[in-house]
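Chemist: The chain contents come next:
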Amino acid sequence: MIVEDDTNFSKLLKSIFDSSEQFEVVNSFNSIDAFSAAFFAGGSNQDWLSDLIVADLLSGEDVNHDSLSVLLELRLEGYKFAILLMSGLNLGAAEKIARKQGAKNFETLSKSPRLNRETIIDAALKSLEGLN
Amino acid sequence: MIPIASGFTPGATFSERVFWGVIEGVVLAAITGLGLKAMQRRRNTRTQELAMRALDAESVARQKVAEYLHGTVQPRLHLISREIANLNTSEALVVSTRLDEVTDELIREVSHALHPPELFVSLEFALEALLANRAELILDKRLTANSPVGLVDLNVASEDKKYAQSELRLEVSSLLRWAIYSVVRELVANAEKKTDVKKIIVSVLVIDNSIDVKVSDDGHSLPSKMTRGLGHLTVEKVTADFGGSFRIKNLPIGVEARCVFPYEPKTSLEAIKRRRSEIDKKHGASVV
Chain B
1 MIVEDDTNFS
11 KLLKSIFDSS
21 EQFEVVNSFN
31 SIDAFSAAFF
41 AGGSNQDWLS
51 DLIVADLLSG
61 EDVNHDSLSV
71 LLELRLEGYK
81 FAILLMSGLN
91 LGAAEKIARK
101 QGAKNFETLS
111 KSPRLNRETI
121 IDAALKSLEG
131 LN
Chain Y
1001 MIPIASGFTP
1011 GATFSERVFW
1021 GVIEGVVLAA
1031 ITGLGLKAMQ
1041 RRRNTRTQEL
1051 AMRALDAESV
1061 ARQKVAEYLH
1071 GTVQPRLHLI
1081 SREIANLNTS
1091 EALVVSTRLD
1101 EVTDELIREV
1111 SHALHPPELF
1121 VSLEFALEAL
1131 LANRAELILD
1141 KRLTANSPVG
1151 LVDLNVASED
1161 KKYAQSELRL
1171 EVSSLLRWAI
1181 YSVVRELVAN
1191 AEKKTDVKKI
1201 IVSVLVIDNS
1211 IDVKVSDDGH
1221 SLPSKMTRGL
1231 GHLTVEKVTA
1241 DFGGSFRIKN
1251 LPIGVEARCV
1261 FPYEPKTSLE
1271 AIKRRRSEID
1281 KKHGASVV
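Chains as they are written, first to last, in my numbering: chain B, 1 to 132; chain Y, 1001 to 1288.
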């Protein structure tokens, strides 16, 4: 699943994952609000969630509703999935916050202009290590 | 009226006139004093309201410009950089790399000064980013991602709710986040100026109806006669604008600066519920 408000970047991510033959993008959302709307409308089941959620940190329509908080809260509730968090912001703070919750299956990627296909796939695979 | 009438009653003795004159003066002074105090209170309240509105407007303007720089200008410059890089010459790659560096450096610097984009995420995220490798952060649990917003509870019946009100994450307005961030930034920078400081501790705690921000260090004490620098004056102004207080004192070892901001605790869940109908309309579903 991809949660990204930049449509072009979202399409790029989908093409990278789909063409890797290691991933299949099952759904894309343009905001964390749209993602959570669909999750709860779908009965908030573990089965609805994908193994990996790739999310932009600030994809919320509401600035007080960031992706990190929503995804960490779902994990706090016992849902199992890996997170690959992306942002143009320095993500050291996100890693520190996630570490307080154990930080398993959590990776970050900086949205720098030098970001490439290999880096994205590597980070996605790393985030999935040991997921059960 | 009686004193005046009595004071000028024909035939009143001199001592009677003096007595009533004094009484009249005291009564008039009391009435005028009470009136002035009430007027002063109203004026102070109004001034406080106007100050908050001005701060709010300023904050919105800062946020919008910062968002524009971060969300529009920076990506566009990156796009131009990609187009230059696609020319596939060694010179083009050098120019592209340099453009990226300058863009990131300048945009980050300006947008951070206006409104640190980390504050759009959360107070916890912004403070962690600000204090990384600089100070230890002790943040009230109810202001961290370790406290649930209660998203699942939002979608179940009240008897099935998992979390008590007191366990839920607290919401801090963007304006107050900015104020807390600003005072911490100033106070930590001030503490870092002391060459003998080895450790800085920042604590942000919710205590009753206030947010208590403390920055303490283990450096040398303050002189008994201290001239406040620009940093302390900024902190004093920011806290005063929010109706709060700022104190600085020596500890047995080191110095503690403390700001107290008035704060009405409300959970993020309450805030989400208030916004929910608006978002529901957009998505046609229950959104949390």
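What the hints contain is simulated information worked out from the structure, not anything from laboratory work. Treat the hints with caution; some may be incorrect.
With a cut-off of at most 20 Å between alpha-carbon atoms, the simulated EDC-like pairs for lysine to aspartate or glutamate come out as follows [as the list claims (entries may be wrong)]: (1) K1237/Y <-> D1218/Y; (2) K1064/Y <-> D5/B; (3) K80/B <-> E1105/Y; (4) K1162/Y <-> E77/B; (5) K111/B <-> E1016/Y; (6) K1064/Y <-> D6/B; (7) K111/B <-> E1167/Y; (8) K1141/Y <-> D1104/Y; (9) K1199/Y <-> E1256/Y; (10) K100/B <-> E1167/Y; (11) K111/B <-> E1105/Y; (12) K1141/Y <-> D6/B; (13) K80/B <-> E95/B; (14) K1141/Y <-> E77/B; (15) K1273/Y <-> E1101/Y; (16) K96/B <-> D1196/Y; (17) K100/B <-> D1140/Y; (18) K1162/Y <-> E1270/Y; (19) K100/B <-> E1136/Y; (20) K1161/Y <-> E77/B; (21) K1249/Y <-> E1167/Y; (22) K1214/Y <-> D1153/Y; (23) K1037/Y <-> E1049/Y; (24) K111/B <-> E1101/Y; (25) K1064/Y <-> E1101/Y; (26) K96/B <-> D1140/Y; (27) K1193/Y <-> D1218/Y; (28) K1194/Y <-> D1218/Y; (29) K14/B <-> D51/B; (30) K1194/Y <-> E1256/Y; (31) K80/B <-> D51/B; (32) K1273/Y <-> D1196/Y; (33) K1141/Y <-> E1049/Y; (34) K111/B <-> D1104/Y; (35) K1214/Y <-> D1160/Y; (36) K1064/Y <-> E1109/Y; (37) K111/B <-> E1083/Y.
Chemist: If a hint holds in the structure, say so; if it does not, say that too.
Modeler: Hint check:
Between K1237/Y and D1218/Y the CA atoms are separated by roughly 25 Å; this puts the pair beyond 20 Å, and the hint is violated. Taken as a hint, the K1064/Y and D5/B pair is honoured in the structure, with Cα atoms around 18 Å apart against an allowance of 20 Å. Distance hint between K80/B and E1105/Y is unfulfilled; the C-alpha atoms sit about 38 Å from each other, more than 20 Å. For the hint pairing K1162/Y with E77/B, the CA-to-CA distance comes to about 10 Å; that is within 20 Å, so the pair holds.
At most 20 Å may separate the alpha-carbon atoms for a hinted pair to count; K111/B and E1016/Y exceed this at roughly 89 Å. Between K1064/Y and D6/B the alpha-carbon distance is near 18 Å, which keeps this suggested pair within the 20 Å criterion. Simply put, K111/B and E1167/Y have alpha-carbon atoms about 34 Å apart, too far for the 20 Å limit, and the pair is violated. Annotation: proposed proximity of K1141/Y to D1104/Y is violated, straight-line Cα distance about 33 Å (limit 20 Å).
This hinted pair checks out: K1199/Y and E1256/Y have alpha carbons roughly 12 Å apart, not beyond 20 Å. Note on K100/B and E1167/Y: the hinted pairing holds, with a Cα-Cα distance of about 17 Å set against a maximum of 20 Å. Our distance criterion of 20 Å between C-alpha atoms is met by K111/B and E1105/Y, whose separation comes to about 15 Å. Restraint check: the Cα-Cα separation between K1141/Y and D6/B comes to about 33 Å, which exceeds 20 Å; the hinted pair is violated.
With a C-alpha separation of about 18 Å, the suggested pairing of K80/B with E95/B holds against the 20 Å cut-off. This hinted pair checks out: K1141/Y and E77/B have alpha carbons roughly 17 Å apart, not beyond 20 Å. Proximity of K1273/Y to E1101/Y is assessed by CA-CA distance (about 42 Å); at most 20 Å being required, the pair is judged violated. With a C-alpha separation of about 28 Å, the suggested pairing of K96/B with D1196/Y is violated against the 20 Å cut-off.
Only pairs whose Cα atoms come within 20 Å are accepted, and K100/B paired with D1140/Y is accepted, the gap being roughly 14 Å. Pair hint K1162/Y plus E1270/Y holds up; C-alpha atoms about 16 Å apart against a cutoff of 20 Å. With a C-alpha separation of about 14 Å, the suggested pairing of K100/B with E1136/Y holds against the 20 Å cut-off. The straight-line distance between the Cα atoms of K1161/Y and E77/B is roughly 12 Å, inside the 20 Å bound, and the hint therefore holds.
Between K1249/Y and E1167/Y the alpha-carbon distance is near 33 Å, which puts this suggested pair outside the 20 Å criterion. For the proposed pair K1214/Y and D1153/Y, the alpha carbon gap of about 33 Å is over 20 Å, so the pair is violated. With a C-alpha separation of about 18 Å, the suggested pairing of K1037/Y with E1049/Y holds against the 20 Å cut-off. Only pairs whose Cα atoms come within 20 Å are accepted, and K111/B paired with E1101/Y is accepted, the gap being roughly 14 Å.
Our distance criterion of 20 Å between C-alpha atoms is broken by K1064/Y and E1101/Y, whose separation comes to about 23 Å. For the given pair, K96/B sits about 16 Å from D1140/Y by alpha-carbon distance, which is consistent with the 20 Å threshold. Straight-line distance between C-alpha atoms of K1193/Y and D1218/Y comes to about 12 Å, which keeps the hinted pair within the 20 Å bound. With a C-alpha separation of about 10 Å, the suggested pairing of K1194/Y with D1218/Y holds against the 20 Å cut-off.
For the given pair, K14/B sits about 15 Å from D51/B by alpha-carbon distance, which is consistent with the 20 Å threshold. Straight-line distance between C-alpha atoms of K1194/Y and E1256/Y comes to about 13 Å, which keeps the hinted pair within the 20 Å bound. Between K80/B and D51/B, the direct Cα distance comes to roughly 8 Å. Compliance with the 20 Å bound is thereby established for this hinted pair. Pair hint K1273/Y plus D1196/Y does not hold up; C-alpha atoms about 49 Å apart against a cutoff of 20 Å.
A C-alpha spacing of about 31 Å is found between K1141/Y and E1049/Y, which places the hinted pair above 20 Å, so the restraint is violated. Simply put, K111/B and D1104/Y have alpha-carbon atoms about 11 Å apart, close enough for the 20 Å limit, and the pair holds. A C-alpha spacing of about 38 Å is found between K1214/Y and D1160/Y, which places the hinted pair above 20 Å, so the restraint is violated. Of the supplied pair hints, the one linking K1064/Y and E1109/Y holds, its CA atoms being roughly 16 Å apart against a limit of 20 Å.
A hinted pair counts as satisfied when its Cα atoms are at most 20 Å apart, and K111/B with E1083/Y qualifies at roughly 17 Å.
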